[in-house]
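Participant: Protein chains in written order, with the numbering used here: chain F, 1 to 678; chain X, 1 to 678.
It cannot be assumed that every hint is accurate.
To be verified - Straight-line C-alpha distance at most 30 Å; calculated DSSO-like pairs for lysine-lysine:
#1 X:Lys577 - F:Lys133
#2 X:Lys36 - F:Lys544
#3 F:Lys577 - X:Lys544
#4 F:Lys92 - X:Lys133
#5 F:Lys238 - X:Lys238
#6 X:Lys660 - F:Lys462
#7 X:Lys36 - X:Lys13
#8 F:Lys673 - X:Lys623
#9 F:Lys320 - F:Lys92
#10 F:Lys623 - X:Lys673
#11 X:Lys280 - F:Lys133
#12 F:Lys200 - F:Lys280
#13 X:Lys32 - F:Lys78
#14 F:Lys315 - F:Lys462
#15 X:Lys462 - F:Lys660
#16 F:Lys68 - X:Lys133
#17 F:Lys280 - X:Lys133
Hint data in this document are derived by calculation from the structure and do not stem from the laboratory.
Just so it is clear, the structure is predicted and the values come from calculations on it, not from any experiment.
Number of protein chains: 2
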Amino acid sequence: MKTLESYAAGGWKAGEGGDTQLNAITGEAVAKVSSKGVDFRAMLEHGRKVGGPALRKLTFHERAMRLKALGTYLSERKNAYYALSSATGASKVDSMIDVDGGFGTLFAYAGKGRRELPNATFVIDGATEVMSKTGSFVGQHILTPLKGVAVHINAFNFPVWGMLEKLAVNLLAGVPAIVKPASQTAYLTEAVFRDMVESKIFPEGSFQLICGSVGDLFEHLTGQDVVTFTGSASTGQKLRSHPAIVRNSVRFTMEADSLNCSILGPDAVAGTPEFDLYVKEVVREMTTKCGQKCTAIRRAFVPRAQVPAVLDALKARLAKVVVGDPAQEGVTMGALASTGQRDEVRKAVTQLRGDAELVFGNPDDVKAVGADAVKGAFLSPILLHCAQPSESRVVHEVEAFGPVSTVMPYDSIEDVIHLAARGEGSLVGSIFTYDNAFARELVLGAASHHGRLLIVNRDCAKESTGHGSPMPVLIHGGPGRAGGGEEMGGVRGVYHYLQRTALQGSPETLTAITGQWIPGATRREGVHPFRKNLDELQLGDTIKAGPRTVTLEDIEHFAHFTGDTFYAHMDEEAAAKNPFFGGRVAHGYYILSIAAGLFVQPDPGPVLANYGLDNLRFVTPAKAGDQLSVTLTAKGKNPRITENYGEVRWDTVVTNQDGKVVATYDVLTMVEKGPKAA
Amino acid sequence: MKTLESYAAGGWKAGEGGDTQLNAITGEAVAKVSSKGVDFRAMLEHGRKVGGPALRKLTFHERAMRLKALGTYLSERKNAYYALSSATGASKVDSMIDVDGGFGTLFAYAGKGRRELPNATFVIDGATEVMSKTGSFVGQHILTPLKGVAVHINAFNFPVWGMLEKLAVNLLAGVPAIVKPASQTAYLTEAVFRDMVESKIFPEGSFQLICGSVGDLFEHLTGQDVVTFTGSASTGQKLRSHPAIVRNSVRFTMEADSLNCSILGPDAVAGTPEFDLYVKEVVREMTTKCGQKCTAIRRAFVPRAQVPAVLDALKARLAKVVVGDPAQEGVTMGALASTGQRDEVRKAVTQLRGDAELVFGNPDDVKAVGADAVKGAFLSPILLHCAQPSESRVVHEVEAFGPVSTVMPYDSIEDVIHLAARGEGSLVGSIFTYDNAFARELVLGAASHHGRLLIVNRDCAKESTGHGSPMPVLIHGGPGRAGGGEEMGGVRGVYHYLQRTALQGSPETLTAITGQWIPGATRREGVHPFRKNLDELQLGDTIKAGPRTVTLEDIEHFAHFTGDTFYAHMDEEAAAKNPFFGGRVAHGYYILSIAAGLFVQPDPGPVLANYGLDNLRFVTPAKAGDQLSVTLTAKGKNPRITENYGEVRWDTVVTNQDGKVVATYDVLTMVEKGPKAA
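My request is simple: use the sequences and hints to build the entire structure.
Facilitator: Now the structure itself:
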């Protein structure tokens with residue numbers, strides 16, 4: 001038997017004494033877990049003083065690259081994790097979800113971080129707000145990393161994914177973490193964590209581990225720390241009301257088990273693909289991880305007329321489930337995480353049976369292939385049927401955290417929206433229908449109570465990621481009973497570890513602070529800025545060019561050359577009736593094209609390409625006789641880590657002879673880093 | 001003396017008994033306040049059943065128009081509010097900040113709502129996430145209004161603004177509210193509220209009022225409700241830990257008084273404009289609203305060498321403050337809100353004096369012009385000086401919520417960042433400097449502890465909105481001690497009342513639900529979609545056009561016509577060396593222009609103008625011989641309320657003969673609503 005260690009303040013430390021955790025399949029002792037003797041205050045200080053500063057020195061892109069490296073490093077070692085995973089009761093598929101799913105989150109955030117965050121240490125959030133008449137005083141939000149520690153309290157059911165789905169996000173944000181896995185399955189978390197430390201991919205202090213209880217850790221939390229909790233609602237509520245959390249307004253994200261529902265559409269009668277998909281998904285959700293998922297389907301809502309057919313189909317499918325040691329050939333469902341958990345589930349089933357009848361399975365008896373069904377934490381899948389769900393409280397409130405679901409009828413779309421809401425807030429709901437009008441009404445009616453809604457039909461089923469799988473690019477969390485939190489969701493999750501600050505000042509000052517040129521700040525003319533490489537180029541470097549006079553001949557020529565003979569360009573009389581133009585006008589694309597002709601520097605140089613354009617708005621029409629000038633100002637630079645160039649964004653304004661703005665847009669270019677002969 | 005009434009479930013109701021609130025200037029009785037007998041549960045139900053559904057039927061733009069109408073309606077009645085405001089101790093300027101500031105928030109949200117939110121009942125949040133190889137399964141976040149009630153617990157210091165800065169946001173979101181003003185100054189809130197009800201601008205149930213205590217209201221909160229609290233940290237913490245809040249994960253925004261600082265830069269020595277601006281601002285923050293602002297400057301950090309000069313200048317300026325009845329000529333500072341508040345401030349000053357010396361004012365004695373200084377809640381401005389701020393705990397923790405500030409020295413930028421953070425989280429900090437490098441380092445070091453940072457110098461001072469003024473377009477709130485909340489911040493505040501839900505399904509299904517065409521959904525060809533008006537046009541309506549063959553002649557012609565002779569278009573050898581092109585390529589603007597030539601419908605019709613273009617990316621270069629085609633698909637419609645047209649966004653893809661994507665962008669057009677002869 002192994003004695004697990006905590007990784008605290010840069011060293012491994014075994015706790016004194018401790019509880020013994022058992023193999024869920026065999027009942028044999030696996031590991032001893034205790035954090036007694038660990039200095040939790042020192043751990044927080046280590047994160048704040050060592051890990052935080054080291055992480056904050058890196059840019060989002062540098063952290064993203066490390067996430068990718070970490071995912072690759074751990075993937076190479078995954079066989080060892082699979083071996084330990086089976087002790088938690090997991091089948092091969094369950095282990096994949098946990099282990100590979102965790103690495104997938106690292107890779108997803110590595111990608112998102114480089115695509116959607118700047119190669120910088122903070123984020124510019126939203127548009128500049130002009131807060132004064134002459135524009136001498138403006139506002140700009142930025143997001144900077146909190147200077148505390150993320151404390152992750154994880155559940156027993158996903159020892160790997162549960163750690164990494166949280167850690168990927170705070171590491172990308174630049175905030176260190178302390179991970180506290182549930183003791184039951186901490187031996188798997190600890191094994192992965194050891195490799196993370198040994199990899200030396202992230203700076204020391206970026207993550208620490210507590211195997212055992214958190215002791216007095218919460219006493220030492222400050223307003224710069226963040227707590228994320230996954231687990232039972234009751235524990236979450238207790239932690240959320242901790243005096244230090246309340247006193248210091250510590251950010252607290254809670255993700256609790258909820259009474260998630262899955263709804264069969266009225267169109268999806270027996271014989272339709274959606275009916276079959278529904279039956280398959282309900283059984284899959286009941287049996288994957290033995291139903292120990294906070295996202296599992298607990299309430300299956302079915303049009304009243306379809307209930308008998310659904311029950312029959314579910315029973316037939318459940319009859320094929322083979323419970324036992326997943327190492328044995330043919331076993332499709334393993335064990336719960338512990339016999340203690342099995343007792344909890346049995347208790348909940350008894351409560352549910354007050355309002356629902358048992359239609360499949362026996363909570364007290366199960367055959368376990370290749371294992372001792374009593375020593376191992378085995379349980380039969382259990383299907384219930386509640387005929388009057390609107391009369392029942394218990395089916396909407398009591399969660400059996402195991403292979404248990406309840407089928408219930410509904411009578412109308414309003415009825416099922418109401419029934420779904422009886423869960424008081426869920427992580428996820430799913431809808432099986434090929435009727436998009438039904439889906440629309442149901443989604444817009446039920447969205448307020450759900451963090452995620454999945455609509456499955458024959459067109460997407462093959463590629464669907466399924467009811468129970470949180471995805472890194474989508475938020476994971478839900479209102480009310482589900483805890484009110486939001487995890488992941490792409491960069492949204494990263495923002496959870498950043499402080500949003502509104503800056504106010506002159507455009508010049510805010511340009512200097514944010515590294516983004518703001519209108520009103522100095523424009524510097526001189527050498528053509530396209531002759532400057534990325535290092536030489538300064539925000540505010542400007543080229544003004546023009547004017548070029550628009551002629552009718554030009555307009556006609558452009559029209560015939562491009563084929564764009566829209567009446568507003570060609571027909572004075574018709575154009576005069578147009579509410580925006582009041583006469584013949586030049587093409588918008590003509591304006592863009594000649595503006596480029598004015599500002600371009602033709603010779604080879606550091607500017608490699610114009611790869612795009614953002615936020616183009618035509619403000620004042622250009623007519624024959626107008627004289628157009630263009631002003632291009634370096635607005636932002638984003639050097640790439642892996643290339644010898646980076647993006648430069650140019651604030652572009654086309655004006656006419658009266659100084660009126662004709663068009664505004666951002667020109668996007670790739671510019672070389674190193675020097676280059678002109 | 002008036003007896004205030006609550007507006008509950010559609011009717012006005014006076015509470016039984018109640019406390020008497022006094023005029024802050026004269027000490028005379030103004031109003032009796034009690035909510036005894038009000039059915040709080042019925043109020044919540046009224047909001048949920050009557051107000052919520054009525055508000056949710058309106059679009060964001062319709063709600064925004066009502067906010068504007070409400071602002072106009074109340075502005076016309078503002079003289080009556082000013083009269084009541086003076087009873088709260090407010091000077092004319094104080095009343096303007098409260099009354100006109102409140103209306104300003106309504107107008108700001110009316111503008112933001114129409115500019116930055118769709119004319120729809122929900123928001124599409126972020127980009128579509130492709131979650132599968134073939135694109136048959138995608139994700140999209142949406143934001144829908146919560147189905148509960150916003151409960152606003154307001155502070156005594158801003159009886160009008162405090163109500164409206166919160167209400168503007170939840171009303172725009174489509175969520176009804178219950179407003180509970182502080183009893184001390186509730187008579188002013190009630191007067192404004194009566195006019196709001198009488199205006200009938202918002203549907204019944206959109207807002208209700210509690211004059212007096214909230215009774216058992218909190219017991220009945222659910223996960224769909226939202227509580228926002230402004231006031232003292234201790235009360236906020238108590239409410240935040242209410243069992244119903246914790247149990248139901250009720251969203252709770254807290255905005256608490258904090259130990260805000262203002263920092264003088266080392267460059268801003270006596271004689272510089274920034275020095276004078278600093279002195280002026282510290283005194284302004286001490287005396288406006290008698291210093292009763294959660295954003296007021298409590299800690300003034302000054303380079304050690306500049307302390308004597310700053311103290312002298314502050315004392316000289318404070319000596320000119322005239323305390324008394326604001327109705328009297330020459331009075332520049334009124335009274336605190338109550339004599340009870342004065343007692344609190346005196347107590348806090350005594351605590352502060354443990355670590356700081358009194359350098360101006362007498363907490364126990366003040367001359368009040370035109371008023372009885374004992375009966376009225378008058379207090380002298382009080383300036384303290386703490387010579388060793390890093391040794392003191394009290395100056396960073398104890399807030400005297402009145403005309404009180406403490407000047408403290410700092411020795412280095414690290415030192416002042418550390419001292420600022422000793423406040424454990426603030427709503428706002430300000431920096432007076434003309435050194436942008438200093439400002440940058442200080443801002444990036446201090447941002448994690450501040451919700452807002454203002455940098456003042458000679459360039460922006462004239463238009464600066466000042467240290468103490470929260471602005472509707474910027475977030476108001478701060479981490480840690482400041483409560484950890486975020487109010488306003490433009491549409492960010494609106495999102496606080498919306499539930500984010502991740503949708504997953506086929507592109508066709510998500511298009512039907514969101515009203516935004518998603519790639520992969522059906523494209524419908526037929527009548528040229530530019531011949532369809534806004535009502536006829538369906539999402540997915542498509543025009544495919546082309547191909548047109550790119551020729552070297554075309555490229556050369558375009559180059560000479562526009563003047564854009566960039567080498568990549570003109571010189572095969574030089575272009576071959578470019579890492580992106582590998583040979584001569586067509587101009588990006590040429591591609592856009594001929595694409596328009598391909599898809600345009602030349603005759604007058606419902607499409608009025610191409611007003612812009614978003615998210616253009618050139619993906620594959622186009623070379624001579626390439627055959628380009630374009631596909632334009634109606635992606636989103638946004639009818640305007642006040643015009644006979646609306647925006648239509650077209651998904652646009654230019655492809656070459658191999659089906660490779662050459663360019664992608666959104667074309668933005670204005671399209672008429674009504675029918676129009678072709």
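Participant: Confirm or reject each hint.
Facilitator: To see whether the hints hold, each was checked on the structure:
Distance check on the hinted pair: Lys577 of chain X and Lys133 of chain F sit about 49 Å apart at the alpha-carbon level, beyond 30 Å; violated. For the suggested pair Lys36 of chain X and Lys544 of chain F, the alpha carbons sit about 70 Å apart, so the restraint of at most 30 Å is broken. Restraint check for Lys577 of chain F and Lys544 of chain X: the C-alpha separation of about 28 Å stays at or below 30 Å, so the hint holds. Between Lys92 of chain F and Lys133 of chain X the alpha-carbon distance is near 24 Å, which keeps this suggested pair within the 30 Å criterion.
A threshold of 30 Å between alpha carbons decides the hint, and for Lys238 of chain F with Lys238 of chain X the separation of about 15 Å falls inside it, so the pair holds. Only pairs whose Cα atoms come within 30 Å are accepted, and Lys660 of chain X paired with Lys462 of chain F is accepted, the gap being roughly 26 Å. Of the supplied pair hints, the one linking Lys36 of chain X and Lys13 of chain X holds, its CA atoms being roughly 10 Å apart against a limit of 30 Å. Taken as a hint, the Lys673 of chain F and Lys623 of chain X pair is honoured in the structure, with Cα atoms around 27 Å apart against an allowance of 30 Å.
The straight-line distance between the Cα atoms of Lys320 of chain F and Lys92 of chain F is roughly 18 Å, inside the 30 Å bound, and the hint therefore holds. For the hint linking Lys623 of chain F to Lys673 of chain X, the alpha-carbon distance of about 27 Å falls within 30 Å, and the restraint holds. Distance check on the hinted pair: Lys280 of chain X and Lys133 of chain F sit about 22 Å apart at the alpha-carbon level, within 30 Å; holds. For the suggested pair Lys200 of chain F and Lys280 of chain F, the alpha carbons sit about 43 Å apart, so the restraint of at most 30 Å is broken.
For the given pair, Lys32 of chain X sits about 71 Å from Lys78 of chain F by alpha-carbon distance, which is inconsistent with the 30 Å threshold. A threshold of 30 Å between alpha carbons decides the hint, and for Lys315 of chain F with Lys462 of chain F the separation of about 23 Å falls inside it, so the pair holds. Restraint check for Lys462 of chain X and Lys660 of chain F: the C-alpha separation of about 26 Å stays at or below 30 Å, so the hint holds. For the hint linking Lys68 of chain F to Lys133 of chain X, the alpha-carbon distance of about 21 Å falls within 30 Å, and the restraint holds.
For the hint pairing Lys280 of chain F with Lys133 of chain X, the CA-to-CA distance comes to about 22 Å; that is within 30 Å, so the pair holds.
The structure fails to meet hints 1, 2, 12, 13 from the earlier list, while all remaining hints are met.
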